[in-house]
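Novice: Sequence:
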Amino acid sequence: MKRLLFILLFCSWAIEAQEQKYILLDSLTAKYKVKQYTLDTSPYGAKNTIEMYNVFYDGNSKDDCYIVLFSVLPELDSKTNWEKIDYKTIKNNFFPTKNIFRRIMHKVFGVFSNENIYINKVKLVKKIKGEYYASKYCWVEDFYCINDSFPIPIATKSFILNVNQPITPIGALRDFFRKLSPLCQDFPFEQNTDSFCGIPDFLKNTYLSNIEERGGDMIYCFYQFYENLHTNISRFGYVKGKGIVAGVYFNHFMPGPFFIDKTGNWRKLKRLPENELLWAEELKKEWAKKEEERKRMGI
342 MKRLLFILLF CSWAIEAQEQ KYILLDSLTA KYKVKQYTLD TSPYGAKNTI EMYNVFYDGN
402 SKDDCYIVLF SVLPELDSKT NWEKIDYKTI KNNFFPTKNI FRRIMHKVFG VFSNENIYIN
462 KVKLVKKIKG EYYASKYCWV EDFYCINDSF PIPIATKSFI LNVNQPITPI GALRDFFRKL
522 SPLCQDFPFE QNTDSFCGIP DFLKNTYLSN IEERGGDMIY CFYQFYENLH TNISRFGYVK
582 GKGIVAGVYF NHFMPGPFFI DKTGNWRKLK RLPENELLWA EELKKEWAKK EEERKRMGI
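Just so you know, we're using our numbering here: the sequence shown kicks off at 342 and counts up by one.
The set of hints was computed from the structure by calculation and includes no laboratory data.
Don't take every hint at face value.
Dumping the calculated PhoX-like pairs for lysine-lysine here, alpha-carbon to alpha-carbon at most 25 Å [stated by the list, open to error]:
| no. | residue 1 | residue 2 |
| --- | --- | --- |
| 1 | K498 | K429 |
| 2 | K374 | K625 |
| 3 | K545 | K462 |
| 4 | K420 | K498 |
| 5 | K374 | K388 |
| 6 | K376 | K520 |
| 7 | K581 | K611 |
| 8 | K498 | K432 |
| 9 | K425 | K470 |
| 10 | K462 | K372 |
| 11 | K403 | K362 |
| 12 | K425 | K467 |
| 13 | K429 | K376 |
| 14 | K448 | K630 |
| 15 | K477 | K498 |
| 16 | K581 | K388 |
| 17 | K583 | K467 |
| 18 | K636 | K376 |
| 19 | K403 | K439 |
| 20 | K388 | K372 |
| 21 | K439 | K420 |
| 22 | K376 | K581 |
| 23 | K611 | K625 |
| 24 | K439 | K630 |
| 25 | K498 | K372 |
| 26 | K429 | K388 |
| 27 | K581 | K429 |
| 28 | K432 | K468 |
| 29 | K420 | K374 |
| 30 | K439 | K362 |
| 31 | K467 | K374 |
| 32 | K429 | K477 |
| 33 | K374 | K362 |
| 34 | K468 | K498 |
| 35 | K362 | K520 |
| 36 | K372 | K420 |
| 37 | K498 | K611 |
| 38 | K388 | K626 |
These numbers were taken from a predicted model, which means no experiment stands behind them.
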């Protein structure tokens, strides 16, 4: 009897753990500062868009903040990246908006250790003219953004964006990785086979690769060198106060031997050069206007 009870409890827990959760975009904008950007996927060889939603929460100082990034990725063979959904079927499965920053706070400080309240796989839901639409593909990532010059090196892992760390170009890391793992067929960012070499723990970090200025915005370009680089935004640009404004999604747009069952536009995909990012269309327009104004004023 005890064994049967245990099995029933375990099964009910497993079903609950796998239950799809949703989060309403309006609930995020009502409670937090949210910055939305659109990326054009044409450089991948297929015309579509990525919608990025940066949700902000203030840190302990004026230079620190937390960001939860929702990326709505495209279904390349569909005309829409959202699907209409019956609100009644999801109204009891919404993730609590107040808990969205608890996972990143646990990563950084070890608080909120209950994993049941962490934001993991959720679908973003938006309301348009009284109808509800859920994202088809939604990746959720969280970051702690800081500006600290530490007297000793710190591990930034896959979630700390330190704009004051030394610059480490991808090429420099590639050379070191290949010397360290001479038998590895592929450098992780250049993966062409279905084999994957493990990344040593002491190399797992979010590295700063470059700093550039566009339209008065200082952009910090990062790349994640971590085992989850195939399930997260792998390279991206960050602007203080504006959030993550550019990026590439290595796994979702991966051509080659990995998704041989995909057809249509998925088969047309091509890999981007390692220093190329997809930039927010909103900021490209803003920067272009500033450049026109600068030229008009003869600056």
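Novice: For a C-alpha distance cap of 25 Å, please report whether K462 and K372 respect it.
Specialist: Holds, because 21 Å separates the two Cα atoms, which is no more than 25 Å.
Novice: Under the criterion that the straight-line Cα-Cα distance not exceed 25 Å, is the pair K425, K470 satisfied?
Specialist: holds (12 Å)
Novice: Going straight from one Cα to the other, do K425 and K467 come out at no more than 25 Å?
Specialist: holds (10 Å)
Novice: Please work out if K403 and K362 have their alpha carbons no farther apart than 25 Å.
Specialist: Roughly 33 Å between the alpha carbons, so the hint for K403 and K362 is violated.
Novice: Quick one, are K432 and K468 close enough, alpha carbons at most 25 Å?
Specialist: holds (13 Å)
Novice: Are the Cα atoms of K362 and K520 separated by 25 Å or less?
Specialist: Status violated; Cα separation ~44 Å.
Novice: Could you grab the alpha-carbon distance between K545 and K462 and see if it respects the 25 Å cut-off?
Specialist: holds (23 Å)
Novice: Mind checking the alpha carbons of K581 and K611 for me, to see if they're no more than 25 Å apart?
Specialist: Cα-Cα ~31 Å, so violated.
Novice: If you draw a straight line from the CA of K374 to the CA of K388, is it 25 Å or shorter?
Specialist: violated (29 Å)
Novice: Is K583 within 25 Å of K467, Cα to Cα?
Specialist: Holds, at roughly 22 Å.
Novice: Quickly compare the C-alpha distance for K376 and K581 to 25 Å and report which way the hint goes.
Specialist: Cα-Cα ~12 Å, so holds.
Novice: Would you check the hint for K439 and K362, treating anything up to 25 Å between C-alpha atoms as holding?
Specialist: Answer holds: K439 to K362 is near 14 Å, not above 25 Å.
In summary, the numbered hints that this structure violates are 1, 4, 5, 6, 7, 8, 11, 13, 14, 15, 16, 18, 20, 21, 24, 25, 26, 27, 29, 34, 35, 36, 37.
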